[in-house]
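Build the full structure now, drawing on both the sequences and the hints.
One point on numbering: in the working numbering, the residue at position 341 of the first sequence is 1822, and numbering is uninterrupted.
Be aware that a few hints might be false.
Label-pair ranges, simulated between beta-carbon atoms [claimed, not checked]:
1) Asp1561 - Leu1633: 50 to 56 Å
2) Lys1692 - Asp1538: 55 to 61 Å
3) Phe1882 - His1606: 51 to 57 Å
4) His1606 - Glu1629: 30 to 36 Å
5) Glu1590 - Leu1634: 57 to 63 Å
6) Val1495 - Tyr1913: 37 to 43 Å
7) Ala1643 - Gly1685: 16 to 22 Å
No wet-lab data here; the hints were simulated from the structure. Note that beta-carbon positions come from the ideal geometry of N, C-alpha and C, so glycine has one too.
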Amino acid sequence: MPPIVAIRDLARFVGEQVTLQGWVTHRRSKGRIAFLVVRDGSGNCQAVASVQDVSADQFEQLARLTHESAVRLTGVVREDERAPGGFELQLAGVETVQLAEEYPIGRKEHGIEFLLDHRHLWLRHKGPWAVMRIRDEIVKACRDFMYERDFLLIDSPILTPAACEGTSTLFETDYFGAPAYLSQSGQLYVEPACIAHGKVYCFGPTFRAEKSDTRRHLTEFWMIEPEIAWAGLDEIMALAEQMISHIVARVLERRSEELAILERDTTKLESVTPPFPRLSYDDVAERLTRPDIVARAQQAGAPPFQPGSDLGALDETILGEMFDRPLIIHRYPTAVKAFYMEPDPERPDRALCMDIIAPEGYGEIIGGSQRIHDHELLARRIDENGLPEQAFRWYLDIRRFGTVPHAGFGMGIERLVAWISGARHTREAIPYPRTLRRLYP
RNA sequence: UCCUGGGUAGCUCAGCUGGUAGAGCAGGUGGCUGUUAACCACCGGGUCGGGGGUUCGAGUCCCUCCCCAGGAGCCA
1482 MPPIVAIRDL ARFVGEQVTL QGWVTHRRSK GRIAFLVVRD GSGNCQAVAS
1532 VQDVSADQFE QLARLTHESA VRLTGVVRED ERAPGGFELQ LAGVETVQLA
1582 EEYPIGRKEH GIEFLLDHRH LWLRHKGPWA VMRIRDEIVK ACRDFMYERD
1632 FLLIDSPILT PAACEGTSTL FETDYFGAPA YLSQSGQLYV EPACIAHGKV
1682 YCFGPTFRAE KSDTRRHLTE FWMIEPEIAW AGLDEIMALA EQMISHIVAR
1732 VLERRSEELA ILERDTTKLE SVTPPFPRLS YDDVAERLTR PDIVARAQQA
1782 GAPPFQPGSD LGALDETILG EMFDRPLIIH RYPTAVKAFY MEPDPERPDR
1832 ALCMDIIAPE GYGEIIGGSQ RIHDHELLAR RIDENGLPEQ AFRWYLDIRR
1882 FGTVPHAGFG MGIERLVAWI SGARHTREAI PYPRTLRRLY P
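In structure tokens, the structure reads:
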């Protein structure tokens, strides 16, 4: 029996007889010679057979193979310039494992709705294949980065009793007769854990029932959230910029083939190195009220920027385009930010927080802050925001027993994947996207 | 929720000032010994998103509802 070989390793078997297990992506039957291209998950390979190479029955079988049929192909590996990839299989035997039915996804263009309806099949195609491999590399790079810096993984619960941030909408579910909610952030749960371990992070799915209906939004998305005791805004800005740089460098190094498949302009990724530009909210507000920027925003159809309010999506895009690497914006007005953010002691109407905006219009990829560690102040904020104090008792407790300054941030994985891979929608950055209008497949 | 653009064959789309519906791909049949999204010939394939209206006549005009895409708001 010839060895079963992955297409990626074919170069090591030139001149030898091997078996490939895969799926038919193309068939070009040309009279008494037939070409077959198969995919096995590790790559693509052309196989060729002429009538005299195989039995009449097998040649007939070859000619009938349909798109996505599962096959075992046995033959000798040959180097040949005419073959895509440089190697091909000279067929000696074909086994049809399953003759596929008429395959819905054609070789021409399709709309995004059709492709997402067939996501279970679309995952096989080279674009999604490359994006998923980049996603895998990004996730691994995140975990390695955390591990190498002595951050401990603390998984946060997905079923929670109440809101982490009062503003966002939650998915409600029935918990033995009582309401429970799908977590929209693990932050509140890593804060106590950083008191136990110093440096921690959580990494898991989060859920937001927001009516946000853009290509940047999912209702279920993955987020990595580091949290550090004895740290403030400066420490998390430095950590975030190192983390993003580390991830981008790692993808450039190990997933260049996938970036090439996606035709990603890698020069735009190579410039992503520390330090990132840092602007305060007030710097940004000044820029956004300059006449030329105002004119540009108006032309793009952006609602006019109001000093003191949060930034709009187009404001972020315009700001992001001013730099060749991610932009850190810090010290937003306390009034527009979450209740748990520490006020700047030098200017209490500004919070010690930061957002990081990805270049090329991919939007906010990180949001973080120093957390309020004073019990009285936090209790007042919870009250002012109309949040149920009962539900936050445990969270307030942390401020009663050895409270210290601490800070952390959340990074959205799909936006990061979309930006790095150049995908048009965050929906393409997750295997099975959930959006306002999609819960299938 | 609002703004803009769409909905015609399995898919992607064309269809002029209203006159009985088209292409490419996919599928089927036949041909072809080095193809690269192979090619050539032939064949099958339609509730023109639903409902109502105007008209001798509606894919085309009007009303209404549904669905989709892009954007805004909110957010990662």
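Problem set entry | glutamate 1629 and histidine 1606 - C-beta distance against the hinted 30 to 36 Å | 35 Å, holds
Exercise. Taking 55 to 61 Å as the hint, is the beta-carbon distance of lysine 1692 and aspartate 1538 inside that range?
Worked result: 59 Å, holds
Exercise. Do the beta carbons of aspartate 1561 and leucine 1633 sit within 50 to 56 Å of each other?
Worked result: 52 Å, holds
Exercise. Using the C-beta atoms of valine 1495 and tyrosine 1913, is the stated range 37 to 43 Å upheld?
Worked result: 39 Å, holds
For this session: For the range 57 to 63 Å, tell me whether the beta carbons of glutamate 1590 and leucine 1634 fit it or not.
Result: 42 Å, violated
Problem set entry | Range hint 16 to 22 Å (beta carbons of alanine 1643 and glycine 1685) holds or violated | Roughly 18 Å apart at Cβ, these two residues keep to the hinted range, so it holds.
Exercise. Does the Cβ pair phenylalanine 1882, histidine 1606 satisfy 51 to 57 Å?
Worked result: Holds - the Cβ-Cβ distance for phenylalanine 1882 and histidine 1606, about 54 Å, lies within 51 to 57 Å.
Against the hints set out earlier in the document, a violation occurs for number 5 only.
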